[in-house]
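Undergrad: Since the structure of chain S is provided, determine the placement of chain L on it from the hints.
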Amino acid sequence: MGPARSVSRAAVALFALVALSSSDLGHAETQSQEISALKAELAATKGELAKTQSALDALEAKVEALASNGAGAPAAAPPPGASDTARIAPVNADNPGISFVVDGQFGTNTQGEQGAGFLLGTGELFISAPIDPFLRGYASINGTTDQGFDVEEAALVTTALPWNLTVKGGRFFADFGRFPHWHDEALPFVNRPASIDKLIGGESQSEGVEVSWLAPMDQYLDVTVGVYNSMGAARFDDPGAFGTGKGQRSFSELSYLVHPTTYFDLTDTLNLELGGSYLAVPTGAKRGLYGVDATLRHQPGTSEFYQGTDVGVEWLWNSERFDGVAVASDPVTGEAIVGSGRFHRDGGYAYFESFFGRRFSVGGRFDYAENPFGDKDLQRTYSAFVTWKPSEFQRLRLQWDDVGIDGPNDQRFTLQWTAFIGSHSHGFAMR
Amino acid sequence: MALQCASRLVTFTLSLCLASAAPAALRVVASLPDVADMTRQIGGDRVDVTTIAEGSQDPHKVPVKPSFVTKLNRADALVVQGMGLEHAYLPALLEAARNPNIMPGAAAYIDASLYIQPLEVPQSMSRAQGELHALGNPHFNMDPAQGKLMARAIAEGLTRVDPDGAATYQAGLAKYEQLLDQKIAEWDQLAAPLRGLKIVSYHPDLIYLARHYGMELVGTIETKPGVPATPGHLEELIQLMKQQKVALVVREIAYELPLAQEVAERGGAKVVTVSSLTGGLPNSPTYVDFIDANLRALVAGAKAQSDSHG
Chain S
1 MGPARSVSRA AVALFALVAL SSSDLGHAET QSQEISALKA ELAATKGELA
51 KTQSALDALE AKVEALASNG AGAPAAAPPP GASDTARIAP VNADNPGISF
101 VVDGQFGTNT QGEQGAGFLL GTGELFISAP IDPFLRGYAS INGTTDQGFD
151 VEEAALVTTA LPWNLTVKGG RFFADFGRFP HWHDEALPFV NRPASIDKLI
201 GGESQSEGVE VSWLAPMDQY LDVTVGVYNS MGAARFDDPG AFGTGKGQRS
251 FSELSYLVHP TTYFDLTDTL NLELGGSYLA VPTGAKRGLY GVDATLRHQP
301 GTSEFYQGTD VGVEWLWNSE RFDGVAVASD PVTGEAIVGS GRFHRDGGYA
351 YFESFFGRRF SVGGRFDYAE NPFGDKDLQR TYSAFVTWKP SEFQRLRLQW
401 DDVGIDGPND QRFTLQWTAF IGSHSHGFAM R
Chain L
432 MALQCASRLV TFTLSLCLAS AAPAALRVVA SLPDVADMTR QIGGDRVDVT
482 TIAEGSQDPH KVPVKPSFVT KLNRADALVV QGMGLEHAYL PALLEAARNP
532 NIMPGAAAYI DASLYIQPLE VPQSMSRAQG ELHALGNPHF NMDPAQGKLM
582 ARAIAEGLTR VDPDGAATYQ AGLAKYEQLL DQKIAEWDQL AAPLRGLKIV
632 SYHPDLIYLA RHYGMELVGT IETKPGVPAT PGHLEELIQL MKQQKVALVV
682 REIAYELPLA QEVAERGGAK VVTVSSLTGG LPNSPTYVDF IDANLRALVA
732 GAKAQSDSHG
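So the sequence lines, in the order shown, correspond to chains S and L. Read in order, the letters of the first sequence are residues 1 to 431 in the working numbering. Read in order, the letters of the second sequence are residues 432 to 741 in the working numbering.
Pulled out of the complex, with its shape left as it was, chain S reads as follows (with noise of 0.2 Å):
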């Protein structure tokens, strides 16, 4: 029995005890009526307050129960992505930022074997994600036409080390000098400048460690230093060579590089950053390599048709002592002499690249580039290029070069069409 049980007996007492006092003595026989009718009446109101008393008790007992183990509760409704025994993490939660590149070419030239033919510039593959508050992680595995899939980049970042230091770690492109770093992709060209092509080999691929620092001052100037195997993407040793199949050797065999850049806002619409990269190979100073870089950006931020100009140059001093190559010819029989010898050479580009409208640039290009060892082979090309972009994520270029090495030049266009799938962007780096 429960309280409320009791409160209601009580009430109905009151009411009959109030109900009797305020009765007329002096009339008994209407008394005697009344009071039959009150009895009845009371009788009557017994019975609903019993009624009431159950159904509330009924609820009681429901209350208690969904109070203290919840049964008899209806069934919810499982959120979404939940299975009947388990709430489950979507399969592709933890997923990375994804994209991937297409970057078709159409070329033709006009010497050695001459016609026309199809190539597959670029198919890269870029995957980038936090991998925890202090650190990040990318990599780039890119196919091409000539030389298969292969990993072209696989790097950590760390994101959270004190007095403005970044680590980078694993396989990457070495920060030496400008283009030498940027994927083929994200260049102002069709095709990376020979001179970079022949002194660094290709992209400034290495497998090392960088460490970058950001000056705390008003004034932009990051330093970046870094070991690596050996820097260059056609210069990638073979690490069985040596012995362990790790790329072991001595800590004198390594590449070493200090590369500092700084920044300056020469007017509000026009700017200038100039670089300076050095890398070493110590053991009989088998290498030097110097390079340096400067870009003027002309940045109206306008909507007139002209919208800006960029100019940039860079240019590359390689000494390095080369084995098992020619080093000179014969005087009588005209043979090349293989032997041991040290290479002096240089090679560099100048471009611009001029924007009109929101989607349309020009620009132009002239490369000396010479040959790393063995005979010079100067190369001059001149180049012209314009590009029109039919949306944020797809590319149109077309380019004419004229290169000379011996003989009559070699005239060719290409004409690339690239596309971005999902978020593509290499950061500050290729900015």
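Don't take every hint at face value.
[What the hints assert, rightly or not] With a cut-off of at most 27 Å between alpha-carbon atoms, the simulated BS3-like pairs for lysine-lysine come out as follows:
1. K496(L) / K389(S)
2. K655(L) / K629(L)
3. K673(L) / K629(L)
4. K629(L) / K734(L)
5. K389(S) / K673(L)
6. K39(S) / K51(S)
7. K614(L) / K629(L)
8. K734(L) / K614(L)
9. K389(S) / K492(L)
10. K168(S) / K496(L)
11. K673(L) / K655(L)
12. K676(L) / K655(L)
None of these hints come from the bench; they were simulated from the model.
TA: Same frame as chain S, but now just chain L:
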């Protein structure tokens, strides 16, 4: 003489002490001029604000300059308009800035879009629909009613970063909200002729403004958001403008005028130049000036169109 020197020395030392005792202003980098102005209005002398983008620039195409990296590196707080408007330049700058305190999600990353109810949130992110913003249309700053919500989020963010200045920021916010309320009442009267007006914009950035002042958006010169006009799209747009009797072609100052003029002329409308950011139009250095300049330009264009049609 010795006494005079000693006195000067004491005065100099005291002034140095007082100077060092005064709290240094909070170094705030603002991604865009609208949030920069609001931060100054709210924070007053307590904040030292540097702006990355300029009002005349297309916020989708701001150059990534290394000089911004050093400012972000030394910033105590970063204020952004948010909802992805700065995606073209801010992530790259933040990556190079090495300041974990102002990274998205950190306490000193102040997102002015916090209280905005977004419009045009895409149901899918297919690029076949153009350059979409996953969180919705980010051009809410063009509507002054949304500006009040931006100011509130900024004041709360500044208080989070600099709790000692809470009273300053609350007072600054109250004063600024009062100003905006007063101006919004004036602008509602000023912009009454815009109600029911049919307009075409270059880029789909007027939806919040149009909703507030009762304008009807008929189309855009861009084929899709961020995708340039194609000849076929322009023909369809011009036919639509004639059918719908579009009054104005609204060209945002970061976009080309000649194409807007051609579309307006062929579609029987007037061209009006507005800005999507503070400072884009002449004499609009503050957010209030920016809204005022845009509305006056639209009203003048509507009047010119009305006059030309008798």
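Undergrad: Take the C-alpha atoms of K614(L) and K629(L), compute the straight-line distance between them, and say whether it is at most 27 Å.
TA: 24 Å, holds
Undergrad: Keeping to a limit of 27 Å between CA atoms, is the pair of K168(S) and K496(L) held or broken?
TA: OK: K168(S) and K496(L) at ~22 Å, within 27 Å.
Undergrad: Need the status of pair K389(S), K492(L): alpha-carbon distance at most 27 Å?
TA: 14 Å, holds
Undergrad: Take the C-alpha atoms of K673(L) and K629(L), compute the straight-line distance between them, and say whether it is at most 27 Å.
TA: Status holds; Cα separation ~11 Å.
Undergrad: Given the hinted pair K39(S) and K51(S), is their Cα-Cα distance within 27 Å?
TA: Roughly 18 Å between the alpha carbons, so the hint for K39(S) and K51(S) holds.
Undergrad: Holds or violated: K389(S) and K673(L), Cα atoms, limit 27 Å.
TA: 30 Å, violated
Undergrad: Hint check: K673(L) vs K655(L), CA-CA at most 27 Å. Holds or violated?
TA: 20 Å, holds
Undergrad: Holds or violated: K676(L) with K655(L), Cα cutoff 27 Å?
TA: Measuring from Cα to Cα gives roughly 22 Å; hence the hint holds.
Undergrad: Holds or violated: K734(L) with K614(L), Cα cutoff 27 Å?
TA: Answer holds: K734(L) to K614(L) is near 21 Å, not above 27 Å.
Undergrad: Can the restraint linking K629(L) and K734(L) be considered satisfied, given a maximum Cα separation of 27 Å?
TA: This hinted pair holds, its Cα atoms lying about 13 Å apart.
Undergrad: Need the status of pair K655(L), K629(L): alpha-carbon distance at most 27 Å?
TA: 19 Å, holds
Undergrad: Could you grab the alpha-carbon distance between K496(L) and K389(S) and see if it respects the 27 Å cut-off?
TA: Roughly 23 Å separates the two Cα atoms, so the pair holds.
Comparing the model with each numbered hint stated earlier shows that hint 5 is the single one that does not hold.
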